[in-house]
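With chain A's structure known, arrange chain C on it following the hints.
Number of protein chains: 2
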Amino acid sequence: MNLYSGPINHLIEELAALPGVGEKTAGRLAFYVINLPKERVERLANALTEAKERVHYCRECFTLTDDEICPVCANAKRDHQTVMVVENVRDLAAYEKTGRFEGVYHVLHGAISPMLGVGPADVKIKELVERIGHEDIEEVILATGSSLEGETTAMYISKLIKPLGVKVTRIASGVPVGGDLEYIDEVTLTRALEGRTEL
Amino acid sequence: MNLYSGPINHLIEELAALPGVGEKTAGRLAFYVINLPKERVERLANALTEAKERVHYCRECFTLTDDEICPVCANAKRDHQTVMVVENVRDLAAYEKTGRFEGVYHVLHGAISPMLGVGPADVKIKELVERIGHEDIEEVILATGSSLEGETTAMYISKLIKPLGVKVTRIASGVPVGGDLEYIDEVTLTRALEGRTEL
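In the order they appear, the protein sequences are chains A and C.
If you use this note's numbering, the first sequence corresponds to residues 1 to 199, in order.
If you use this note's numbering, the second sequence corresponds to residues 1 to 199, in order.
If we strip away everything but chain A, and leave its shape as in the complex, we get (with noise of 0.2 Å):
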């Protein structure tokens, strides 16, 4: 059925195929981008199409950047020889934001899952195992989620480089500071506990 005009429909079907929006939030989307000045929507249409233009990975570290190599890579007061293994760009912006780390990054977006079907050659592996190669790296810290996927992808990335010669850490799991141990799951309790240190 046809309840609204063609180009209001069109708009609605394309907003509703964004992940997370559905059919109802793309139709209260598309009035409220109809009833905003002509300048707004074209900005944020331009901001669409230039990020998707002028956005591309960098040749060194994969993340997303506008520039050939990203701001993190080019600059010569990060240590080069530690490299934190993200599975993607939001994990990234995650660790510099702490501002607690000094080195630089592999992004491999997306982690091993063989449920989704994701394999090793999906996500940006064999470019780490290139890296090594090429680049003096002293420490590599797996910073993959503690998801199942993560897990895999850490485990699948430490046999494959440790006979490289690099140091291969793993980021801690445990129970977040702050949290309440009664709303922790049972995993991470028990992660935490395997994990502890002597004080």
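Quick caveat, the hints were computed from the structure, so don't treat them as lab data.
Owing to the predicted nature of the structure, the values given are computational and were not obtained by experimental measurement.
Worth double-checking, as some hints may not be accurate.
[Claimed, not checked] Okay, the calculated beta carbon distance ranges per label pair:
1. A17(C) x K24(A): 16 to 26 Å
2. A17(A) x L160(C): 14 to 24 Å
3. K24(C) x D185(A): 19 to 29 Å
4. P19(A) x E53(C): 25 to 35 Å
5. G99(C) x T152(A): 14 to 24 Å
6. L193(A) x K24(C): 29 to 39 Å
7. K24(C) x L148(A): 16 to 26 Å
8. A17(C) x R90(A): 17 to 27 Å
9. V177(C) x K24(A): 13 to 23 Å
10. L189(C) x T190(A): 25 to 35 Å
11. G178(C) x A94(A): 40 to 50 Å
The beta-carbon is built from N, C-alpha and C at its ideal position, and this holds for glycine as well.
Frame of chain A; chain C shown alone:
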């Protein structure tokens, strides 16, 4: 802090300005968009500008359309003497979906809300009065929402147009079909009682 490159930050900003889209969702959407094929991003961007450029108010009922007169108003088979007044285009679409209303509409684009500073002049009430003056309208069905704003708007319009000699009705409010009484609020239950009909 500039965690991402310029075009990504810009896109996140623009997306985060949409209603119901927070910083995190905007980030997720931005990275999703950047990973889409170029044609898909262009289609989305075009859908936005097209909807904004081509869609405007129907000259008769003020719904959104890309024609001069919307398909409902242009349809000679509809009963042009019965006008249903709705708050917005989504409410119009909801009634069209029922397929049980044969008349035409009048879209207010809002409801009177002293709290939000929306007065009678901010919604298309003057335009409704003009329609009653120029067209041969027998009945005006007030289908504004059953919120305080919807009720206020219905009351205001009723007082304004009854003196013009038009029949004014209000859609029934009561227990939704299939609704479990125990989960329904007291105001609705009271309305349902007051509005009871003889069997």
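*How does the Cβ-Cβ distance of K24(C) and D185(A) compare with 19 to 29 Å: does it lie in that range?*
About 22 Å separates the Cβ atoms of K24(C) and D185(A), which means 19 to 29 Å holds.
*Per the hint of 17 to 27 Å, is the separation of the Cβ atoms of A17(C) and R90(A) within bounds?*
Given about 20 Å between the Cβ atoms, the range holds.
*How does the Cβ-Cβ distance of P19(A) and E53(C) compare with 25 to 35 Å: does it lie in that range?*
With Cβ atoms ~27 Å apart, the hint holds.
*Between K24(C) and L148(A), does the C-beta distance stay in 16 to 26 Å?*
Roughly 23 Å apart at Cβ, these two residues keep to the hinted range, so it holds.
*Is it true that the C-beta distance of G99(C) to T152(A) lies inside 14 to 24 Å, as the hint says?*
About 52 Å separates the Cβ atoms of G99(C) and T152(A), which means 14 to 24 Å is violated.
*Cβ separation of A17(A) and L160(C), checked against the hinted range 14 to 24 Å*: With Cβ atoms ~43 Å apart, the hint is violated.
_Consistency of beta-carbon spacing, K24(C) to L193(A), with hint 29 to 39 Å_ = About 31 Å separates the Cβ atoms of L193(A) and K24(C), which means 29 to 39 Å holds.
*So the hint says 13 to 23 Å: do the beta-carbon atoms of V177(C) and K24(A) match that?*
Holds, since V177(C) and K24(A) (Cβ atoms, about 20 Å apart) stay within the stated range.
*Taking 16 to 26 Å as the hint, is the beta-carbon distance of A17(C) and K24(A) inside that range?*
holds, 20 Å
*For the range 40 to 50 Å, tell me whether the beta carbons of G178(C) and A94(A) fit it or not.*
With a Cβ separation near 45 Å, G178(C) and A94(A) satisfy 40 to 50 Å, so the hint holds.
*Does the Cβ pair L189(C), T190(A) satisfy 25 to 35 Å?*
Because 50 Å falls outside the window, the suggested range is violated.
This entry does not satisfy hints 2, 5, 10, going by the numbered hints stated previously.
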